[in-house]
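Visitor: Given the coordinates of chain A, assemble chain B onto it according to the supplied hints.
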Amino acid sequence: MRFAAAITEPTRTPDFQANAKGKLPTRRQTIKRMLAAAALLTTTALTGIGFGAAPAQAEDEIRIGVIYPLTGAAASTGVELKAAAELAAAIINKEIPAPPGLVAGIGLPHLHGAKIKLIFGDHQGNPQVGATEAERLITSEKVVALTGAYFSNVTATASQVAERYGVPFLNGESSSASLTQRKFKWFFRTTPHDDLFVGNFFTFLHDMEKKTGDKLRTVALFNENTLWGNETTKLQVKLAEEQGFTISEKILYPAKTTQMTSEVQRIKAAAPAVIMQSSYLGDAILSMKTYKELGFSPKMLLANDAGFNDSEFLKTMGKDGEFVISREVWALDQAERNPLIKQVNDLMHQRSGVNFNGNSARAFTGIAVLADALDRAGSTKPDAIREALQKTDIPASGLIMPWKGVKFDANGQNELGQGIIVQVQGGQYVTVWPFDVATKPVVYPMPAWDGR
Amino acid sequence: MTADILIQVLVSGLLIGLIYALVAVGLTLIFGVMDIVNFAHGEFLMLGMYASFWAFALFAIDPIVALPLTALLLFAVGVIVYQTVIRRILKAPMLSQIFATFGLMILLRGLAQFFWKPDHRLIPHSLVSGNIALGPVQFGLPQFVAALGAVGVTGALWMFLHRTRLGTALEATAIDREAATLMGIDGQKMFALAWGIGAACAGLAGGLIATFFPIFPEVGSNFILIAFVVVVLGGFGSVTGAFLAGIIVGLIEVLGGFLIGPEYKTAIVLSLLLVVLLVRPRGLLGKA
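Residue numbers (this note's numbering), protein chains in the order written: chain A, 9 to 460; chain B, 91 to 378.
Please keep in mind that the hints were generated in silico from the structure rather than gathered at the bench.
Glycine is no exception: its CB is placed at the ideal position from the N, C-alpha and C atoms.
Among these hints, one or two may not hold up.
Here are the simulated distance ranges between beta carbons [stated by the list, open to error]:
(1) G200/B to Q358/A: 46 to 56 Å
(2) E249/A to M249/B: 56 to 66 Å
(3) S186/A to L148/B: 41 to 51 Å
(4) S186/A to F189/B: 33 to 43 Å
(5) L148/B to V451/A: 54 to 64 Å
(6) A147/B to P453/A: 33 to 43 Å
(7) Q436/A to I97/B: 38 to 48 Å
Below are the DSSO-like pairs computed for lysine-lysine, each with C-alpha atoms no more than 30 Å apart in a straight line [unchecked claim]:
(8) K181/B to K323/A
(9) K207/B to K264/A
(10) K323/A to K123/A
(11) K207/B to K125/A
(12) K207/B to K327/A
(13) K399/A to K102/A
Bound conformation, chain B alone:
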């Protein structure tokens, strides 16, 4: 094994890791603000992919161009889900909350299969296609653009949370809901906002990978398990943590798969989950 191959593997790991980060950021945001685990998060990603697909198939809009639309659409989906389902179970026992989002996951999958058929689809001619070769290292332009987009979106989210009034209010709600309410922050509004942004992040991730990943109703299940590992490693509720953890998980998965054997790559990632839970249950940057 040469250094070239190792660098190539690291680049591939980094690229997919950034996508994991973007998926997990939305998940961790929702959890951070209201302590609800969203099992339907992978389905938001799936909806984002289908939004891109239909924008392309019906109106010939490229997935990259359609990204703002995808984000808006998924933001709306997130808010609607909050208003119709989540708002009613805020004070319900944890088990009910789990079943509610779990049920939502099955519902969304079922609807996607019903309306759009269980077929695998691809977007055949995206604006971004082809390969980039940097010396011995090769990577696909779609993957590169997706990773770049993931960095951009996560960065924008970080800026929003730390540099704007609304974002600070959201952070405040995440840190201490009651104190935030006492300061005049509308908790309901913040919750709806968290769901909107969380879903939009997943949707954007979906739109970004739609240029190279097959689109099918079950696609969310491939990503959600990894997203949970990322959230746990990064620390529940920490956006920065999820970003770093996404990269780490991507690198470990690809590198571990390459060095130890691809048949163990899922096992390697899930062992990481176990180790984190045993050694440092609050994750890298989570609240103690």
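Just chain A, with the same shape it has in the complex:
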């Protein structure tokens, strides 16, 4: 700071004068100004020589690498995830007051009140780019831990890089089950994975059969064809067989497409009672449009989160998004059970103008859990952070998730996560299952398009 001040003061005045007179600053002034800016950017207790050269790293600034799809097809989700991560960082750094009881609100007392700094990487939805970004964040940005990357296939490659360098990677929002089956030493995941979610679907169907007396045994699987969709399909096939469901159609479609008529037509021809669908945002919208175009509504559309739970989904679909049922890790109406959810959501809404959703709430929680481990580690050494992560034991009351808490098993998977099932009713996602935490009953069957 001292250096920064010394450099800025004298340069500022002549620069502003030059500008005021409408002259372009001279090259020397520009260089000076850039140096001043560089010095300002690095800020906080420079340890001496060489400002303006390689970004000087302050000891009380803990750098965390955050990899999200900030451009590309999933950029709108990425931007929300980023906002949630930044909110978490602001709370940890005590820039905004935290609601009492929130785990992130403790800050980093064991690190003498150090601040965390999020360094963002953009993977554009591409696993190779994700790996390159992870490498860049570790080697040139010197981050102490990584988090991200929303897409399961990108998380897979980026965490591989972290594993190679021995840097902790905490994943908050990728649900591909295989990620924690790799027996990685440095990988941790807070969110429940697809095995649990997909299992929930079948339990839900059993419960619905009991409740309505209808048979819901014919299922069409309609999943996008990257890692996530493929793994979901495999698991759905396995569980369906075990639990006595018939798969009447199984489709893996390319997410980047101009039409989904062939897909929907095939499902329509198979006439299943239930569709289980895994889609990202663009294809979720397009498929709904196609269902409507072809006048097709199954008894139940069970969506696998992601695109169907993106806050853009309802904004763009409006009434046509009604009655979709989706699995969730989070819903705003759960605030009735946990006041923290409402308080933190209000903070999010003030800062970024959007409510939390399942993705951003999990991104928020990921950063919070990482900060909790950093604090208990009392150090930025990778081994210490890893050890602290392994000892994580956060109770449900410190989280904004409907989980029983956070506690990692030997593979780095949070054992205390659990899912809920929501339905779009009146433009809101309301919890409809498990029945004991439901706030509204399920609307069943899904009304036909012309009967709405």
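Guide: Coordinates of chain B only, in the frame set by chain A:
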């Protein structure tokens, strides 16, 4: 599988195929006249969609009503792109030309994302909405109107190229640039015109599908790959060829996806590209 379903699939394929045709017509026109492949063509489509979106969001003008405006706007964009970028690389090596339009693609996408956010948007209440049912065959009115519009625009373009003086001059430039110049046709003017019309076609396609397709900065990338296949199948530079090829590609994609499996639909379309390049590289109606 019954005949009803098959007819339904064919109708769906035809409807989307006509849209592909309209997108590809602009691309093939630009290539035909000046031998430049426009990688930013999908972005013209994207701009057309956003033009419709903003006309609706800001002035409550329906996308269908806004079509002439969209066309004019994109015509202007095409001419500006020609005057500022393309004119400078006319004699440049092919690689530079590719990079110029490729760079333009990235620039337009980036600008769209910067100014209009990466969100997916839809036009919620268009004049055309709802379904038509003809016996067992159902299709959406927006899709039907879009396909009809695509036929109309392509037809109008064909008439322009073959029945007007200006259009004939454009065709002449496409066939033999030097001879056309010797006949007193202003090559620069024709090039600018080709870019204007090419962009306007993509923009119109964008405006037509804006009634049912989500609008986002990357939307062009979904269509451009297919447009290239259509152009290759139809024959580089042939408007009629692109029109026929668009329908064929639409039918093959939807029908192939339905019969063989939707996971293979892109592969089926791209295999078609390979087969055409191997068996008949000049396409259906291309110049030899």
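Visitor: Please name the hints from earlier in the document that this structure breaks, with their numbers sorted from lowest to highest.
Guide: 1, 5, 8, 10
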